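Novice: Chain by chain, the residues:
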Amino acid sequence: MKILTILMKRTLRLGLLAFTVTSATFFLVSLIPGDFFTALEANPNIRPETVTRLREQYGLGDPVHLQYVHWVQRSLHLDFGYSLFYGSAVSSVVANALSNTLWMGVPALLLGCFAGAILGTFHAVHQQRPAGYLLDFLSAVTLSLPPLILGLAALMFASGTQWFPVGGMSAVSLESPHPLAWILDRLHHIALPVACICLPVTAIVEKIQYAAAKNTLVQLHVRSARARGLSRRRILLMHVLLPSLNPVLSVFGPLLGAVLSGSLVLETIFSWPGLGKATYDALFNTDIYLLLGCVACGGVLLALGNLVADLLLFLLDPRTRHFSNEAF
Amino acid sequence: MAEKLLSKRGFARLQTAVRWMVRAMAALLSIGAACSDFFSANPPDEQNLFYFFGPPTSIHFIDARGAFHLTPFVYRYELEDPLNVIYQEQTDARYPLRFFAQGYSYRLFGFIPASRHLTRGSDGSFFYLLGADKLGRDVFARVAAGARISLLVVATGIAIYGLLGLCIGGLAGMQGGWPDRALMRFSEFVLAIPALYLLLALRALLPQKLPAWEATLLGVGTIALVSWPPMARGVRGLIIQLRQAPFVEAARSLGGTPGQIFFRHMLPALAPFVLAQSTLAAPLFLLGEVLLSFLGVGFGSADQSWGSQLRDAQDLRILTDFRWNLAPLFSVFATLLCLNVLTSRPDEREFRRTTL
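Same order as they appear, the protein sequences are chains A and B.
With our numbering applied, the first sequence corresponds to residues 1 to 328, in that order.
With our numbering applied, the second sequence corresponds to residues 1001 to 1356, in that order.
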């Protein structure tokens, strides 16, 4: 019951957020001089009347506030406009780009969080021992390797060994493939980009989990669990890892945003047609409706990440349930 | 010996040693950035069309006949295969390196006129320590010049970041009431937008071509504009705690104005947090600048910065054949490592980080 009201409240806030973010973007972009057709004006072979007619046709000739009102009206009917740069509806462009980005981001995020949580707990248990010092060193190095460096290194690796494709989402030779072959090909293509996102995520989560687990290890409930004669694995899983997951889950939302926007660099390196690429194209061609779609999508994803993190916290950590009314 | 090294104390010592090594690297990097022209043999933007994609010049002590020479020397390089860009050393004549030699004139630290350089090749030979890029520019000189820009970006960045966070957080915390609520709502809003998109949108607002100084400042300002919320929220939280502190109450009862209370009594107490949080944001500014330049929407400081030097690196030929062009990657890594290690205390509890 409680969880339902929380869900309702959060969904409402999500809609409000998407609206404010897109409105702000709309007016920010309207400050950029020129629109999609400005480039055509410089062309001596195109008559000024043609450009004016095109503007009228796509509603870009109206004053800014009217454009905004029209866009809001149409959005309420789930019509998000037409992308002039890609030449198709914004909703289909964004859906396409989003699915491509998620193919890369979701496995990386899940893998990174999982590996980071386990490694962080291991690190805390082994602190000031050889394995702990090794992890100290590895974590410092990995934290200093941004996706840009990893991406270029991965590209070098791929082109040097020919073990992985250097970019793109699927092999050209695959025309009407068997589903299994398609999956294998896709896995082959996402391996390197996923590794490049996964490594920094692992490093960040590991560091947070390490700090949290270090604090949990010295608490009395761990000692009492040990006194009750519970097995080492059970203590580590149920009494150390689980109670210290709170800070990890609270960075999950920001991490999702970081993965989505950090992927722009990797999308450029691996020529991956994702959300970052679409935003970039939209922004630098002043394709305003596509930009609004992308920004709204990014904002909603970030908020969704936060929502999922809070729900997980609610399910995994009984301590948060008692205060949930204030916390949400 | 090995047993001793593997013991608990040995590892702790090893860790201390590594930290000192990183500190030394940071010192080296900053010295290199400050006197980049002194260390580089060629001007960073001089194009040499006879040495495009030239490999790093190898330094010899032993010549082709096996004779040893006390002064290191280099050979002349000639383009053997123009299609695949392969250079060959011409071992017929030696060109000894000259140390502290006269070269192109520059301004040390930006204002002392000088023309001495650490090493230079003799006339008639090229000396490119890290090779040359596609226009025949000295990669080492460009990396060194880029270090100056990057460190400048980091320094001004954390200054703006700290000030912005302190102002907004201070205003919210001191005023309370509706300004507080409005500012905190606004910070949530900024946090809700993926930072890179906001950065790109703000960048698109600025004109493309700007003078270098202005462009760097504006660019750093835009990164600060998307990254201030954690700082402001932290400052506000601390101020709200401090408002109940006895010394603040005493100051208020003595008739201190809010300004006096803030600057004389709260600022010293806030300083440790502000400094720590600012240093945590340092990698953000370095990476932000590199990423924007890499994507080709940098701050217009010509193509001096590391990110813009890396733009060519998407060319597969560079990744397979001309790898010395990736040198900026290592400088980015080294700088990030220094920042990360120097700003982390061995037992750090809290970890706030904004990632791009």
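Misleading hints may appear alongside valid ones.
[To be verified] Anything over 12 Å on all C-beta distances counts as not near chain B; from chain A, calculated:
id, residue
1, Ile3
2, Ala39
3, Glu41
4, Val51
5, Tyr58
6, Val64
7, Gly87
8, Ala95
9, Phe137
10, Trp163
11, Arg232
12, Pro243
13, Leu311
[Stated by the list, open to error] DEER-style ranges, computed between Cβ atoms:
id, chain 1, residue 1, chain 2, residue 2, range
14, A, Glu41, B, Leu1079, 44 to 52 Å
15, A, Glu41, B, Asp1045, 51 to 59 Å
16, A, Pro130, B, Ala1093, 50 to 58 Å
17, A, Met8, B, Ala1034, 40 to 48 Å
18, A, Leu16, B, Leu1225, 33 to 41 Å
19, A, Glu41, B, Met1021, 57 to 65 Å
20, B, Leu1079, A, Glu49, 50 to 58 Å
21, A, Pro179, B, Ala1034, 56 to 64 Å
22, B, Ile1240, A, Pro130, 40 to 48 Å
23, B, Asp1045, A, Gly168, 34 to 42 Å
Rather than coming from a laboratory, the hints here were simulated on the basis of the structure.
As the structure is a computational prediction, the values presented were derived from the model and not from experiment.
Built from N, CA and C at the ideal position, the CB exists for glycine as well.
Novice: Against this structure, judge whether each hint is valid.
Specialist: Against the structure, the hints come out as follows:
The beta carbon of A:Ile3 is kept farther than 12 Å from every beta carbon of chain B, the shortest such distance being approximately 22 Å. The beta carbon of A:Ala39 is kept farther than 12 Å from every beta carbon of chain B, the shortest such distance being approximately 14 Å. A cut-off of 12 Å between C-beta atoms confirms that A:Glu41 is not in contact with chain B; the least separation is 18 Å. In this structure A:Val51 is separated from chain B by more than 12 Å, as the shortest Cβ-Cβ distance comes to about 21 Å.
Residue placement check: A:Tyr58 keeps its beta carbon more than 12 Å from all beta carbons of chain B (closest about 20 Å). Listed as a non-interface residue, A:Val64 keeps its Cβ farther than 12 Å from every Cβ of chain B; the least gap is roughly 15 Å. Every Cβ of chain B is farther than 12 Å from the Cβ of A:Gly87; the closest lies at roughly 22 Å, confirming the non-interface assignment. The Cβ of A:Ala95 lies farther than 12 Å from every Cβ of chain B, with a closest approach of about 18 Å, so its non-interface assignment holds.
Some Cβ of chain B comes within 12 Å of the Cβ of A:Phe137; the nearest lies about 7 Å off, and the non-interface call is violated. At roughly 14 Å, the least C-beta separation between A:Trp163 and chain B is larger than 12 Å, which holds for a residue marked as non-interface. Non-interface call for A:Arg232 relative to chain B: holds, since the shortest CB-CB distance, roughly 21 Å, exceeds 12 Å. No beta-carbon of chain B comes within 12 Å of the beta-carbon of A:Pro243; the shortest separation is about 16 Å.
Here A:Leu311 stays apart from chain B, with its beta-carbon at least about 18 Å from theirs, past the 12 Å limit. At about 46 Å, the beta-carbon gap between A:Glu41 and B:Leu1079 stays in the expected band of 44 to 52 Å. A hinted range of 51 to 59 Å is violated for the C-beta pair A:Glu41 and B:Asp1045, which are about 35 Å apart. For the pair A:Pro130 and B:Ala1093, the supplied restraint of 50 to 58 Å holds, since their beta-carbon distance comes to about 54 Å.
Checked against the given bound of 40 to 48 Å, the beta carbons of A:Met8 and B:Ala1034, roughly 58 Å apart, lie outside it. Taken as a hint, the range 33 to 41 Å is violated for the pair A:Leu16 and B:Leu1225, whose Cβ atoms sit roughly 23 Å apart. A:Glu41 and B:Met1021 have their C-beta atoms about 58 Å apart, which keeps the hinted 57 to 65 Å range intact. Remark: the range hint 50 to 58 Å for B:Leu1079 to A:Glu49 is upheld by a beta-carbon distance near 55 Å.
At about 60 Å, the beta-carbon gap between A:Pro179 and B:Ala1034 stays in the expected band of 56 to 64 Å. For B:Ile1240 paired with A:Pro130, a C-beta distance near 44 Å keeps the hint of 40 to 48 Å intact. Range check, B:Asp1045 to A:Gly168: Cβ separation about 35 Å, and the 34 to 42 Å hint holds.
Checked against the numbered hints given earlier, the structure breaks hints 9, 15, 17, 18 and satisfies all the rest.
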